[in-house]
Structure formats: C-alpha cells, structure tokens
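Chemist: Read off the chains here:
There are 2 protein chains.
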Amino acid sequence: MPELRKDPIMKRWVIIATERAKRPHDFVGTKEEASSSFCPFDYGNEHTTPPEILAFRPADTEKDSPGWWVRIVANKFPALDPEAEPDKFGHGMYDVIKGFGTHEVIVETPDHKANLATLPYKQVKEVIWAYRERYKALEKDPRVRYVLIFKNHGKDAGASLEHSHSQLIATPIVPKRVMEEIEGSREYFAFRDRCIFCDMANQERLEGTRIVEENDDFVAFAPFASRFPFETWILPRVHQYNFGSIEADQIDRFAAILKSVLLRIYTALDNPPYNFMLHTGISGEEGNQYYHWHLEIVPRLTRVAGFEWGSGFYINPVPPEDVGRYLREVELKKQ
Amino acid sequence: MPELRKDPIMKRWVIIATERAKRPHDFVGTKEEASSSFCPFDYGNEHTTPPEILAFRPADTEKDSPGWWVRIVANKFPALDPEAEPDKFGHGMYDVIKGFGTHEVIVETPDHKANLATLPYKQVKEVIWAYRERYKALEKDPRVRYVLIFKNHGKDAGASLEHSHSQLIATPIVPKRVMEEIEGSREYFAFRDRCIFCDMANQERLEGTRIVEENDDFVAFAPFASRFPFETWILPRVHQYNFGSIEADQIDRFAAILKSVLLRIYTALDNPPYNFMLHTGISGEEGNQYYHWHLEIVPRLTRVAGFEWGSGFYINPVPPEDVGRYLREVELKKQ
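Heads up: the protein sequence lines correspond to chains A and B, in order. This note's numbering puts the first sequence at residues 1 to 335. This note's numbering puts the second sequence at residues 1 to 335.
No copy is singled out in the list; a pair is fine if it fits within one copy or between any two copies.
Derived BS3-like pairs: lysine-lysine, alpha-carbon spacing no greater than 25 Å straight-line: (1) Lys11 to Lys176; (2) Lys176 to Lys6; (3) Lys140 to Lys88; (4) Lys11 to Lys88; (5) Lys98 to Lys176.
Don't read these hints as lab results, they were simulated from the structure.
Could you put the whole structure together from the sequences, leaning on the hints where they help?
Modeler: Put into structure tokens, the structure is as follows:
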C-alpha cells in the first residue's frame, strides 16, 4: 500500500510508492532499459494494458480492441491506489495519508511513431476532449481533491514509453505547488482586486516581446521569470478558473494553440524532451475570481542541480525575450 | 548584466544569466560536450582559472601556483556578478533585482581522479574548514542575504567538470526554499516551543529504522518524507542555528560523518551522481531558536518529470526505512 507522507518542515508531500519498490542494486550500473520493440499502446496489444476507462472509438468496435483514436487506461504501475480510502494517521510527529489516488494514461494516438506536435490538429482536439471528460468525471469523486494532467515527452523528460501519451494523477490533497499558486493569486487579488494571471496576460500582450502566439481565446508567452529555457505558458485570455469549464469552441482554439506552440518548439529545438502540466482551480472551492487555469510547457534542456534543489532559485541562460522572438519567427511547415 | 526576476505568483526568483546566454541552436542535437583531457583544477593550470580567493597551501608556495590542498576561485562562468549593486526596480507588474551575487568554486583536492567519498578523512576536514572560512567572510557583506554551499557530483547531477569540487553562491535575497524551511520551523516553534529539526533528530534516534549513522555531534538519517531514493540528511545533534558557528571539534565530526555517509552511498550504489546542499540559518536574523542548519544529500537516481514539476509532490519508490537499513549495513572498507 503506497503512503502519502508529509515533510513537517516544508509541508510538501511525497508518495512512498511501495508497489514500485526497488532495492539498491536496481539503481546500480544499468540506466533505464532501452525501449523494447513491444508497445502496449499499439493496436492489437489492448489486452496487455489494464482495461480501458474511456476510449473514443467507432460504435461498432469492442472495448479493449483496435479501432480507437484516443484511449485511456489505468497506469499499470500506479503511484497510488484507487481502491484505498484516504485515511489519515500520525506516525510520531509525522503525518501520513493512506495512498489513495488515481493514475491514468491517456494514449494520444494509435500511431506508435506520432508526435503530439505533428499530429493533425483534429487529433489534438480529441486529446483535449479526453482530458476534459476524465477531469470532469474524477472531480466528482469526494475522495479526490485535485486532478493533475501532465505529459512527459522523451526519455530525458521522464517518459518510459515512446508512444505518445499523457498522464493524469488524482490526489486526496491539493499539491503544494498548486496551493502556492492559489495563495499567491489570492494575495494579489486582495491587493489589486484583479486576477494576477489576467494581469500577466495583459502585460505580455502590451509588451509583446515575450509573446509566442495568440488566437481569439488563448495567449502563449515565455513568462517574465521563466525558470527554464523556452518555458512557455498558455492561458485562456478571458478569465476562467477551472479547466473543467472549457467549452467546445475554446477546445478548438486550445488545441490549435497547443499544437502550434509544441510544433514551434519541436522545430526550433529539433524535437526536444519536454514536460507540460495543466494547472487548474479546484472545483467547488473559493478562488473563482483570482485563480486562472493554464498550461506550463518546459523543455528539458538544462539540468537541475544542487543550487536549484537547495535554493528553489533557477538559473536560466536564455532570456524569455529571446525565446519570444525565436518561437514567433519559427517557420511552421504546413502539416 | 544578469537579472534576478521574481515570479509574481509563486514568489520564486530566477536568475536570467545573460553572461551565459545561449541561442536555440546551442540546445539542438549535441548533448553536453564530453569532458576534455584538460582540467583547470589540476596542478599547473592555476593560471587558467580566475585568481584564487582562498587556498590552503604551504607558506613557501606562491598564490595561483601548485602546492595547495584546497583552492577556492571565482566561477569562470558566474551566474551572478560580484561587482553589481543589488538595485531593485519594477518592470510593469514584475520585480527585478540587478544580478549581484558571488559564485565560487571550492576545488576539494589537487588529485584529478579523487572522489570526496574516498578522500582521506583529513582532507574532507580541510574542505569543511574552507567552507566555513568563505561562509564567514561572505556573510559579512551587507549586500549578501544568503550563502548557499552545494555540490554537484557526476554529469547526471549537473557537474560540468569531473575534478572533485563544490560551489558556493551568495545571493542578495533569501532563497524561497530556505525561507519556506524557516517559516515552517517558525510555525512549529510557535505551536510546540521546540525546534522541529531537534524533534526530528530525536524521533529518528528513538525509532532507529531510518538512521544511517551517528557520532557524538551529528546524526545522519533518511528523512521520513524523503523526496528521492537514498536521500540522507546530516544534522548537528545539539541545536545549532548557523553553519558559521561550527567549532573545531564539530568540524572533525562533521567531516567524519559526511565522508562516511558519502562512502556508504558510493559503495551501495556504485558511485552514483548526487547533489548536496548545506542549509543554514541567516546570520543576524531572528530564528536562532527554531532553525537548525543541516546538509541534504540527494543521489540522482530517478528523473523528476511532469508530475513532480506540476505538483511539487515527489514519487519515491524506495521507503526510507529500507534506505536506513541498506546504508547502515554497507561494509565500509578501511580507507
């Protein structure tokens, strides 16, 4: 049974994922195994994954068989246990929660070699619909306090399978990083009576130098205090608290800007490893006015080392003003 | 001129290190250059580094010549500028500080192939003396608010040179991560009237399962909420706020436990990449009662990916109770 344990000083939580437990010799010598030729996400291998939770597929095809275009299954090696009750207990001075949580994999395409950046726009839209559907289903579970959708692309970004996929983890507590964003935007709202994300989007559009792209509903920019080279955020232009509130025409434009920004990064940096994380407000909680959902894309080009770990400071050798210009000027080949 | 920029939501600072600026094609394809055969930290190459700030060397040898056993120089590619004044200014809604700071390299040994874990105990002691000397000198600078001593060992931990060295960065603000530790320990003190680090050391010694080693002055353990496999902390057993207050006999015992813990990790995991970070209270500030200096060692065995970046949660597949047992049971060969 995995456990959530809280660092009493920093109040950050860790998941001690006993189901994945490793012994020291597992870390010695061998780096990650090379990706084998077998892929559980290819057509015909549906029986090698846990049963599908959701799939977009023709009505005349069967569950867990080929034909789907987006497919969601439980992670075969979940960090958390969906059957657990999130009971809380103490261990001396420490706090523990039993490891309840949901860990799902969104297979973004049946095409083993495809890349989210170069997938047809229509397919990216389907992926966003799948995100929304799972998000809305999970936020109804009273044990769930937060749903994080994220993607690891490339081995250096932590992807263990090559086949294009994203992931979703639902946790019984609000993660520290999200809580800090919510607190930070609450403070700003108390001071200014405006949403800090709306203000950022406005200043970015006013200055223009860090803008990567925009459309009617979304704006993408390299944040002023970017932690990483080529870090890019995508925000709804109109204030929107919860990702679950995204509507059909917004999904069209979110898919368009996401695909296009990923394609710019793919082209400028020759398909670099990257992570993206979708941050959303917490449904049914206060904060509607001051928090604003967004997607953070961070290419993994530099190593995080002792200084960053020790300080929470980041050293970024590429000014975001340069990133804005480079990414705006990328020539996008017709897909 | 580098700039410190503040993320207005998270209040984390980043260093936009323009002196190290890179263009997108610098990130394309080529991974880090292989370490060349020339090493600026070897005897005879002292003229290829910035002039030495401090060196332990025989009285009859000259500055910036061979003969030293520990040598400290400015980083040749500093993230911050020691000549700058830390002026503050606004940029629209954003906060900026001119990039003042000191970035030094502590060359731990003249032996190019040596490893801190297997260096003679006496030499590790000299390294700690060098840390203390630079720490005490820099904390006197009124522009300096924090001095972070850290080490990157191995390429996967961010070391760009193989020759054993640690680093020190002095910043004009207290880093967010340190501030959070100070705040967290302040809250605990307000509630319990005791130092949280002292309480942790006591609970760890009481339980014993996560203890790696202890001596008269220090205790080393795998923290209950370890973020990473084989994460190990070293704390003074008696309450001590500021690393600068460490005394001669404590230095002996700190060197002994540091060397021994690193050797256990080196032996158990076959010389893995790791970072360590020394966290200390801020001199001249309040907090003497509730903060407690310590060293955090984190072997780099797993990749930090989208979930960790997006949530601040960590997934750790190795329970710290197992780490305590493994590392206690390592057979240390006589050095």
